[in-house]
Amino acid sequence: MVLRFNSPRFALLAFSALFAAIGGTVACGGEEGGLRIGAALPLSGKHANVGGFFRNGYELAVAEANAAGGIEIEGQRQSIELVLYDDKSDASISPSLLERLIAVDGVAALLSGYSTPLVQAQVIVPMRRGVPFMNAGGASQAIFREGNEWVFGALSPVESLASTTLEWLMWEQDHDRLPAPLRVAMVWQNTDHGREYRTGVHTVIERHPDRFTIVLDESFEHLSSDHTSLIVKVRSVESDVFLSDAHEPDFLLQHRAYVEQGLNHVAVSYGARGPERSVREGLGEAVAHLVSAQWWTRDLPYERSRQFVELYEGEHGGPVTEYYPAVAYEAARGLIAAIARAGSTEPAAVRDALMALDLEDSLLPGGRLHFPADSRYQIRNRCVIVQNLPDGGTRIVFPPEAADGPAYLGPGR
Amino acid sequence: MTDFLSVLVSGVLVGTVYAYMAYGLGLIYGVLRVVNLAHGAFLTLGVYVTWWLHFTFGIDPLVSLLVTAPLGFGLGAAVERTLVFRLRDSPPVTTLLLLFGVWLIVRNVLYLVFGGTDRSLLTSYSLESLALGPVTLSIPRIVVSAFSLLGFVALAFVLKRTWAGLALRAVAQDRGAAALSGIPVDRVWATAFGIGSALAMSAGTLMSLFYSVTPEFGARFLLKSFCVVVLGGLTNIGGILVAGIGLGVAEDLTAFYIHTGFRDVVSFLVLVAALVMRRVDAEG
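Chains A and B are the protein sequences, given in the same order.
If you're matching positions, the first sequence starts at 1 in our numbering and goes up one per residue.
If you're matching positions, the second sequence starts at 1001 in our numbering and goes up one per residue.
It should be emphasised that the hints constitute simulated quantities derived from the structure, not laboratory data.
A hint or two may mislead.
Taking beta-carbon pairs under 8 Å as the criterion, some of the chain A residues facing chain B (in silico) [said to hold, decoys possible]: (1) SER44; (2) SER224; (3) LEU230; (4) PRO249; (5) LEU252.
Here a beta-carbon is modelled for each residue, glycine too, at the ideal position from N, C-alpha and C.
Model the full structure from these sequences, guided by the hints.
As structure tokens, then:
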């Protein structure tokens, strides 16, 4: 057989070879021929570790649905097949893999990858192609554009990290454990994430000017080579509370400088940073009493959360210390529930079902999975405030209905 | 005044780190006239080897220097012998691309072996500090500064007081004349690349005392090293030390008195200014 360069067969082979080269391996779960949902995940490259958590979460939700007999589509029960590609943590590859999932694999809906820049690159595809896309990997509101009707977010906005932290501080003020107004020193990474954290802080403080006074509000560059001068600046403004929004490398360096300079605040929080194992490895006991806002924690007293922990740790060993697999699991569960309610794989029907979805047994803080139209279909749940304990464990300190003990408050100035 | 002193001292300590990580880059450029884009790879390897030795065997990072420095020398000399040497008469851009390729390979191998998670290590003195009156000094940073100064003295001694140093300087000044006077230029090149890489890997070891590492670590500091080398004089080890400290102090004072966000801008303003000044000097 002669293969001509201009033949369709050659084009198909070339297309397949190209995708094999850029997309890495394909992993599937469930039986072939069933309903397909897909994702391009960072399974190698700089986000490989988190990408692995996402894969575990997605696979768990699909396995659970399949074990329950799959879902009914147009009168027939179908198993769910999960199609995954490795985008190598590369935002330039990720969108083309989503195109492949839609055009070649024929997925009915998409699940997101991880990290705001990667998800921002991904969402262009479902919005253009009109395919439901469930995002569990990027919290930035920049992902949810004006007029969006295809992208749904299971991760509350970054602003929630800040607003829940301040709500907790107000709760402590209400219980006479903290004075008012509190002097707040806030520093934030100069990225979408950091800017949204800052907006969250300002939004709450504008509503409660009698509770807080901002004495420092300054940005810093991501991957800064030193944070000592910034920490000296924090020391010079004499604050009660220190809030920072930083990714892990900057957090490690910043908190090192904080400890070296001997600062004391009644509360110190680095956004979502704090309980990770890698953080304990790098800073040891110095992270005791840090307060962090989390999108999920294994100690949440919800039945669904307990079931997830049991399932996940049974499958992968434990303890599950990161929020990633839980949010990924919940996002996939929500998407599967919406397809089941739509009873169809028709994109508009699934989209409408997602718009109307309201799961009241969610494992997320607040216990509800719902995508409000007024937040462009991004979930708006409160986060959960967790404090690191000196023994290496964590404790939920807010909201009160989930708290398992009072927070330790530092000596302050 | 306390704040000013704290920031000033912090700037000096950071600056000595900048200098230490730039010595190797300056030495290699001085002798081989090669901009070593693989420098970031050696820095990163230094941190990873140190982290691995600490994580697996509990070896203190400072003891790891006994492993990383010789390993860096061996790897550097091997890269020079097997790759750079073959392109010795090619246009500079060829070597530049080759070494960039080496960096990409190392980076991807590190991703495969260690993944993209931030790795950091904790020793008994990692978070210790020393109070000198109102100023607090970080013990790890003092240690790294001491090694930076020691590295400078050792390098200056080798270059000024030993036959090997004489050979290095001779090849740096005029390769042809050095060869005519019986200096084995090929071996001097390998030695220079080896020493430069050993300095980069040992800098990585010392930086592991306070920085976390991912395979992208080298990229974070390579540009800073370039700034220091260009500012200090491409072949001048003493100039590199002074430039490193100057840059560290300028960055910290800018961050404190103007805005933290301008910290990195200082490096690049300095780089541009230094390049323009050199151009003016050359034309003048």
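Each hint, compared with the structure:
1. SER44: Holds, because the Cβ-Cβ distance from SER44(A) to chain B comes to roughly 7 Å (cut-off 8 Å).
2. SER224: Constraint on SER224(A) satisfied, holds at 6 Å.
3. LEU230: holds, 5 Å
4. PRO249: With a minimum Cβ separation of about 5 Å from chain B (threshold 8 Å), the hint on PRO249(A) holds.
5. LEU252: This hint holds: LEU252(A) lies near chain B, its Cβ roughly 5 Å from the closest one there, short of 8 Å.
In terms of the numbered hints stated before, the structure departs from none.
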